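K.L.:
So the protein sequences, as listed, match chains A and S. Residue numbers for the first sequence follow the numbering used here, so the first one is 45 and each next one is one higher. Residue numbers for the second sequence follow the numbering used here, so the first one is 45 and each next one is one higher.
Source of the hints: derived by calculation from the structure; they are not laboratory data. No experiment lies behind these values; they were computed from the predicted model shown. Treat each hint with caution, since some may be false.
Put simply, identical chains are the same to the list, so a pair is met inside one copy or across any two.
[What the hints assert, rightly or not] Each computed SDA-like pair below joins lysine to any residue, with the alpha-carbon atoms no more than 20 Å apart:
#1 238 - 283
#2 321 - 163
#3 230 - 446
#4 333 - 354
#5 316 - 174
#6 308 - 606
#7 335 - 486
#8 375 - 267
#9 135 - 84
#10 230 - 532
#11 380 - 112
#12 471 - 494
#13 230 - 526
#14 321 - 524
Each chain is listed here by its residues.
2 protein chains.
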Amino acid sequence: TQENLLLAAAYVSDAQYNRNVPFETSPRAIRLYYFYNHWTMQVAIYFFICVDLSLALFEEPALFPLPFLATSLAEVLCLTAFFGRLVHFAKVTPQMVFWKDTKNICIMVTIVLTLIDLIIYGSLEAVNVHSVRWSRVLRPVFLINFPESRQIRRTFRSIRNTLPDILYVFLLFMFSVLIFSLMALKLFGDRGLKTVEGLPYFTNILDIVFELYVLVTTANSPDVMMPAYNFNWWYCLYFITYTIINTYIFMSVFLAVVYNNYRKHLKNEIRKLAYLKRHKMIEAFNILKVKVGTEFVVMEAQWRRLAKVVAPHISGPHLELLLRISDEGQKGHVDKVNFLRLADLLNIQVVTINIRRHPLEDWMPRVYRSSASLLVQRMVQHRIFVWVYDVIILINAIFIALDERNPFISYAEWLFLSLYIIEILLKLYTYEPRAYFDRRQFWNWFDTLIIIAALVATVANTTIQSARKYNSQQILDIVLILRILRLLRIIVSIQRFRVIVTTLINIGPTILTFGGLVLVDVLSLLLLAGGFALVTHQAAKLYFIGFHIVVVILIVNIFIAFILEAFFVAY
Amino acid sequence: TQENLLLAAAYVSDAQYNRNVPFETSPRAIRLYYFYNHWTMQVAIYFFICVDLSLALFEEPALFPLPFLATSLAEVLCLTAFFGRLVHFAKVTPQMVFWKDTKNICIMVTIVLTLIDLIIYGSLEAVNVHSVRWSRVLRPVFLINFPESRQIRRTFRSIRNTLPDILYVFLLFMFSVLIFSLMALKLFGDRGLKTVEGLPYFTNILDIVFELYVLVTTANSPDVMMPAYNFNWWYCLYFITYTIINTYIFMSVFLAVVYNNYRKHLKNEIRKLAYLKRHKMIEAFNILKVKVGTEFVVMEAQWRRLAKVVAPHISGPHLELLLRISDEGQKGHVDKVNFLRLADLLNIQVVTINIRRHPLEDWMPRVYRSSASLLVQRMVQHRIFVWVYDVIILINAIFIALDERNPFISYAEWLFLSLYIIEILLKLYTYEPRAYFDRRQFWNWFDTLIIIAALVATVANTTIQSARKYNSQQILDIVLILRILRLLRIIVSIQRFRVIVTTLINIGPTILTFGGLVLVDVLSLLLLAGGFALVTHQAAKLYFIGFHIVVVILIVNIFIAFILEAFFVAY
Ligand code: NA
């Protein structure tokens, strides 16, 4: 039946996208589940999460101050969207599962707490009493707890699992810093040395611990050593030993422990995902199976209908290809082993090369196929064409470095821009435009976007310079940066550069989410600790150490672990 | 025959220690080869290499200046030793192989060049003309090219294989730095900003490239950004972007490429070593095999004699154990498969626990087994004993941190020292001394050495303070450091700390050779470039960049790769 087909398709789709949401199997719940997974709903929820997180930019202490009414309205809107999403989820998933999931409870509690905070803050504001919007630190809860953020939660789990191992290395590291601090106190404390600012040098053990901790980050690197060097050059041995042990060895050990755990964890996660995927595909098979001879199979017609529901935009030839792979013996049905592979088959990107004729060839075949036109096309396809434009970019770079108040150089700008536009036009003349701008042709898009940015920049620059009245510094700066960014085109020409950048771009989304999360956390921390740190100098130091532990030891190392792993796979 | 046995033993020994020296099979050559591989010869050659390398400390510009005659005599002595070792090697290895090996040619050429340089320099010195001892940069050639330095050459090969991949990443990195430099020139160059020293800020493209390159190391981290921040806070976006891309992403990519290559290379090396080991064991088997029934085997008596030649200090029970493993069926002979395992079997450290009686129990059994004595022994074995001494160490740390001119604290020193000596005496009373000081009981040695160092330090300190006349600052500093180092004993008590430190110590020798090599190279570079860098400011900058490329990008990353790999294996 159609209901069974939809249910099976939901299982296959979950297997394909590694979703792990238990849903009710009533027809109404399945339909709601399809709607729940629709990309518009996902985009909407991410949009509201972004709005909610970016509110920090508009609230005091704000980069762009907005009145409380505006930000609180936006926040209520976001909370409504989150609540709606949660209600939608509650109708999809079994009641028992919903209330047992701490993620849902977290979201609900956060919504209620935020509303209470909003009401209190608003009321106090109304009678001109200033208070603190403490619920702002809770906002990342939404980012982390919605089912869409599987990857982020996986990373957090990974961090949590790493903590015990990290803790012991950290304790040993702090022990080492303490030993070196004691040495510094004994070696330098009684010598009456002075820092550059004329303060006593290394006389207080707590100050020494802090300075040596900061030395690990090399933030105070030459300054903190100078009084000792000036007293006796031999003390460089102390600082060299310190740097080797605490900067190089300990920081490497931190990385080793984090990376080690990350890989172990990743292996477990992949195993778990494979198990869940297989489990879901078996569920789907059991719904659709019929008995043919002695074995259970899925009939070809049923399989086709299922594939159409799971991947509505799949092309006819692609579907036939998948069927031919799945029904090896052309027996008119797909057996269990081949059926279980469907989710993976759908994930394989098949590059369908459509050798289409150039539109110009249809419109004016005689002109397009004339010998002059063919010569132009061969020229554009030749590697010398690429080299000529590489040289042009280099000359452009030199011109940018030169003084632009020289009118000759200012005119040259227009020459370069024309050359770039001619290049893109020639390419569109030679290559079929739809193939050139295919979704997978990342580097063509990159190239074209940079040229368009250059065009916009140069036009904007000229407009500003001729208008003279509206000479905004920020717009001028952006124009300058866009003009320089066009030099990035050189990356496109060098194969090895493209490999490196492609690898980095593939892990880009993960890094961006991760970086965004860190930024939000850091901003929250800064806001919370900022006032506190101003009160006492000692608190500011503790704050620096805490910040360093979280950011450098954990996050940067996990970031490096990401990149290490990505390069193992890609390079 | 005895000759055949010696030849087979040489093959087994080479397989055991992963040596790969082709040697002649004549009886005389084999005997010379045994002598060549003797540990005294190895120690001697390392000693002369160390002397040769450390000459840099005594030659101008010197830390401890010595007359030219002394250093040149020492150098000639070293060269003689190297030449002798080479002649010895030439008598062991076939003529053809010897002259084809570039390592030998390298050593010979370096000896000749060094002698020429010594003669020229000496003659010029005699007529009071100062010249440059250019052959000093050739000294690491000896360290690298003797067959003993397989591990170092392996690392160098690994570095050389990494270079092409590193090069492309480096070019892309420099391209990125250049793009950012152009941006900085355009954004800040025309604003008339000044640095803290009042110099023009970011006006020259070459200066900018250098400053931004240094920024990657964070050496000039806050200073270089301040003028831009002071002008407009928004420019922090520029520096944040720069740091994320060039410090975090590119430095991680460098590490990823180096580590990736290192692992690939390591896998190949291990495969090659396994192949060579098997090949050598087959050679040995072919020499000793006799036919029993249908298969070739080595007779038990022959096998015993072979094992005795390869491992002369092996104990009787250990040898019987190995034989029982190798001759599974107790058939009186060892078959080929089991014979090939011999080299690996000899490498396995068998912990033979000799439950010996305490010497005191033999000398005065009644006293040692009295109830009071047994109580003491149980007390020492109890974990509370460890905890009590941990607390004592902590109190000691606090006392060290306090002002030692207070006489009470100065007396406390003696108290702590007595407590530590009592501890070690109690342990020696409880545990069998030979078992306690076994070669493999690293932590007991560590503990005892630290206490002895503490004793020496405190006694020396008191002697100096009472003598008053000879109050050398350097000796006082060393005493202070030794007194603080005794706090390291706390590591022994915490199991997890010991695991981390053991892992680090296991890779210690490799890191030390590696670090020594780097130090020598760096010193040679410094000496060569030092004078050159003083001439022009631009040359100094290039020098800094070259130094950073070699040290940070290559060496530090390979160092981190070592540690990452060691922790994968050990943790
Ligand atoms: Na710094």
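K.L.:
Tell me the numbers of any earlier hints that the structure contravenes, in ascending order.
P.N.:
2, 5, 7, 8, 11 and 14
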